[in-house]
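Quick mapping for you: the protein sequence lines, in order, are chains W and S.
Counting from 39, one number per residue, gives the positions in the first sequence under the numbering used here.
Counting from 39, one number per residue, gives the positions in the second sequence under the numbering used here.
FYI, nobody ran anything at the bench for these hints, they're computed from the structure.
Treat each hint with caution, since some may be false.
Since the list gives no way to pick one copy over another, a pair counts as held whenever it fits inside one copy or between any two copies.
[Stated by the list, open to error] Here are the simulated lysine-lysine pairs, DSBU-like style, with alpha carbons at most 30 Å apart:
| hint | residue 1 | residue 2 |
| --- | --- | --- |
| 1 | 383 | 105 |
| 2 | 84 | 126 |
| 3 | 244 | 105 |
| 4 | 383 | 315 |
| 5 | 173 | 250 |
| 6 | 126 | 173 |
| 7 | 250 | 315 |
| 8 | 84 | 250 |
| 9 | 126 | 69 |
| 10 | 173 | 244 |
| 11 | 173 | 84 |
| 12 | 315 | 84 |
| 13 | 84 | 383 |
| 14 | 135 | 244 |
| 15 | 315 | 173 |
| 16 | 315 | 126 |
There are 2 protein chains.
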Amino acid sequence: MTTAHTSKQTAAEGISSGDIVLSVDAMGGDKGPAPIVAGLSHFLRKRPGARVLLHGDESQLRPLVQKRRLSGQVEIRHAPDVVAMSDKPSHVMRHGKASSMWSAIEAVRDGEAQVCVSCGNTGALMAVSMIRLRKVEGVNRPAIACLWPSRNASGFNIMLDAGADIRADQDDLLMYALMGASYARNAMGLSRPRVGLLNVGVEEHKGRAELKVAQDLIARAASRGEYEYIGFVEGGDLPSDRVDVIVTDGFTGNVALKTGEGTANLISERLREAFRKTPLSRIAALLAATSLRRLSKRIDPRRVNGGVFLGLNGTVIKSHGSADETGVRAAVEMAYQLAESGFSKRLAARVASAAALAQDDPDEEATEDAAGSPASAGSPGAKDKKKS
Amino acid sequence: MTTAHTSKQTAAEGISSGDIVLSVDAMGGDKGPAPIVAGLSHFLRKRPGARVLLHGDESQLRPLVQKRRLSGQVEIRHAPDVVAMSDKPSHVMRHGKASSMWSAIEAVRDGEAQVCVSCGNTGALMAVSMIRLRKVEGVNRPAIACLWPSRNASGFNIMLDAGADIRADQDDLLMYALMGASYARNAMGLSRPRVGLLNVGVEEHKGRAELKVAQDLIARAASRGEYEYIGFVEGGDLPSDRVDVIVTDGFTGNVALKTGEGTANLISERLREAFRKTPLSRIAALLAATSLRRLSKRIDPRRVNGGVFLGLNGTVIKSHGSADETGVRAAVEMAYQLAESGFSKRLAARVASAAALAQDDPDEEATEDAAGSPASAGSPGAKDKKKS
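So here's chain W without its partners, still in its complex pose:
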């Protein structure tokens, strides 16, 4: 990996030790670096204290950054290679060291930046993140958490895993509950998030055998994890206001996520058709323009752009490959908030303390007040009151 000399100098000028620094892979998206720099520009205007390390081909990035006058906040890190959407993760792990993706992750590993953002190939991003950042002690499978538009006051629920790995056993699902609750506390300010386990029905007897075991584990860990376990939830609960964190395996989560997006897109398409249909409906569209813009903002999937990788030593945000500047801006804003809250260290502490408790103190676990019962799982008993 070559680092251009000029950019090092910019770094020395622009970034000081107390800043929030984001590491952004400029090259991974379907539309090239232009929408990424445009999204960054909007973000940086609102966050004058933020700094960005921008990784990619310097000859392409330099003019984009200069045109938008971002040189004071953005430092370019030259990386000649680009990870393609079709590249297999194993190939990138072997041959991707000169890529912008690798370089972006490396900056988090080296402590230069707090959070990494990339629009690139999800599989490769997770693979490189795993080998470079390493899993947090106690985590077997990292997960991707995504935000789901919901009827909750915050407007969102958190679902994980959205497809980091297609398998998950009961211990993985427990870890997802702990990590998802920590994410909800730090990204959404919920002191005691409500956690549900995705199943085909809410009744106790329904679903796969491993889900019943996972349900017991998650209920028992509720006081220690400072969340409330509300039991099984269904697909229809993903946008509901009775839950904050929805736990599922990566296969199911990925299908649900893409199904939700596909359904929203179909409806938006038909809504536009309906308003173009007749002269009257075209006038109506004009009159309702403000309300419709507000609606389309509320259901715009770009506003929730950004899956967060949980369970690594460092935070990585995967933005949609096809993200435009609005999407990139949303992802970078989320990265900023997580960096500001010191999320990565809080999550690691939470997971480590839970893992330690489970290993060192099996008796305490067995006699814990919350044991085995979702109803009593929210009872007091947590010792660690840090926001993690």
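Position chain S relative to chain W; hints supplied.
Relative to chain W, chain S alone:
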């Protein structure tokens, strides 16, 4: 099970052997029998040749049927018991013989009606259907097929399994492809439906190991099943126009179905809010009323009410428990169309011929032109040109 005397007499007058007869469980829904009789009434006015056996508590049904002057087309079959939504399937199998659900299925078993429709408890309906109608030779797990609003000319795709069983191995998935294609031919008039297998990505190397095996089996059976296998599809393809039949296991299908419904409901809710927001938007709503009604009709989940149980000796349609008269009407209309096409026998013939071919002629299968390649799977070679 008690059959009231008066209804027997109505039967003798009203139903002759060439009629299309539907067997309808009047008692299973959340809202009692009133919306069911109301839905039937709309349906029967459009289908004067149809006859209905209506199962439930005669003292409740008689006034509803008389009020709507349906006695000429509807025969009441008295059944004193009702299966509750909370009843476990095993309980209903042992103690449900006097229920309206049991009675409704029994009429299909006895050849009195061609199709059964019920709004009742899905698990109990499938369990009773399995023991009374029995599985078609060659089918290990029956499936529930549902219609999914899509960009296709028909307006719908078919997805199965929507939750008959939470497991499905590669042979089950192959059977779902064969049954789903047969359903698409008979319910939607597609001579060569396009079949896709639901996965977390369209690339060959993605997904669970059993899906790769299932993919090979489904591709190889394409010419014999008279469908085109298009490969893996994603959640976002459920509403797409590149596929007609989407095959998945019951767990994933159930989550996808409820996620899609939940997303559509959230958006509709917010759309209504947007139009109530300001005086201008309320005027706009009036101007666009026709277009919006057309839209809400197109995305109304009640219009696709009705999961069809596939793989049994007899057709059973599960309507939503909360279906109103519009939903019931849609389910009964679908039942009528399937009865008219002789769907049940066609599907059994298709499955039997496929199972027989697979057992008797392993060599032919191995050397078949379509073997193993989705690209060549649509090639000619089918011998059975019946619409099954």
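A quick look at each hint next to the structure:
1. Taking the closest pair of Cα atoms, residue 383 and residue 105 never come within 30 Å of each other, the shortest separation being 36 Å inside a single copy and 69 Å across copies.
2. When the C-alpha separation of residue 84 and residue 126 is checked against a cutoff of 30 Å, the pair qualifies neither within a copy, at 37 Å, nor between copies, at 57 Å.
3. When the C-alpha separation of residue 244 and residue 105 is checked against a cutoff of 30 Å, the pair qualifies neither within a copy, at 58 Å, nor between copies, at 41 Å.
4. Taking the shortest alpha-carbon separations for residue 383 and residue 315, neither the intra-copy value of 54 Å nor the inter-copy value of 43 Å comes in at or below 30 Å.
5. In the homo-oligomer, the alpha carbons of residue 173 and residue 250 lie at most 30 Å apart both inside one protomer (27 Å) and across protomers (29 Å), since each shortest distance falls under that limit.
6. Proximity of residue 126 to residue 173 under the C-alpha cut-off of 30 Å is restricted to the intra-copy arrangement: shortest distance 21 Å within a copy versus 43 Å between copies.
7. Neither within a single protomer nor between protomers do residue 250 and residue 315 lie at most 30 Å apart by alpha-carbon distance, with minima of 50 Å and 44 Å respectively.
8. Neither within a single protomer nor between protomers do residue 84 and residue 250 lie at most 30 Å apart by alpha-carbon distance, with minima of 46 Å and 48 Å respectively.
9. Taking the closest pair of Cα atoms, residue 126 and residue 69 come within 30 Å of each other only inside a single copy of the chain (20 Å); across copies the shortest separation is 53 Å, beyond that limit.
10. Taking the closest pair of Cα atoms, residue 173 and residue 244 come within 30 Å of each other only across two copies (23 Å); inside a single copy the shortest separation is 33 Å, beyond that limit.
11. In the homo-oligomer, the alpha carbons of residue 173 and residue 84 never lie at most 30 Å apart, since the shortest distance is 33 Å inside one protomer and 64 Å across protomers.
12. In the homo-oligomer, the alpha carbons of residue 315 and residue 84 lie at most 30 Å apart only across protomers (29 Å), although the nearest pairing inside one protomer, at 39 Å, exceeds that limit.
13. For the homomeric pair residue 84 and residue 383, the shortest alpha-carbon distance inside one copy (26 Å) is at most 30 Å, but the shortest distance between copies (66 Å) is not.
14. Within a single copy, residue 135 and residue 244 get their C-alpha atoms only as close as 47 Å, which misses the 30 Å cut-off; across copies the closest is 24 Å, which meets it.
15. Taking the shortest alpha-carbon separations for residue 315 and residue 173, neither the intra-copy value of 53 Å nor the inter-copy value of 48 Å comes in at or below 30 Å.
16. For a Cα distance limit of 30 Å, the shortest separation of residue 315 from residue 126 qualifies neither inside one copy, at 45 Å, nor across copies, at 49 Å.
When each numbered hint is compared with the structure, violations occur for hints 1, 2, 3, 4, 7, 8, 11, 15, 16.
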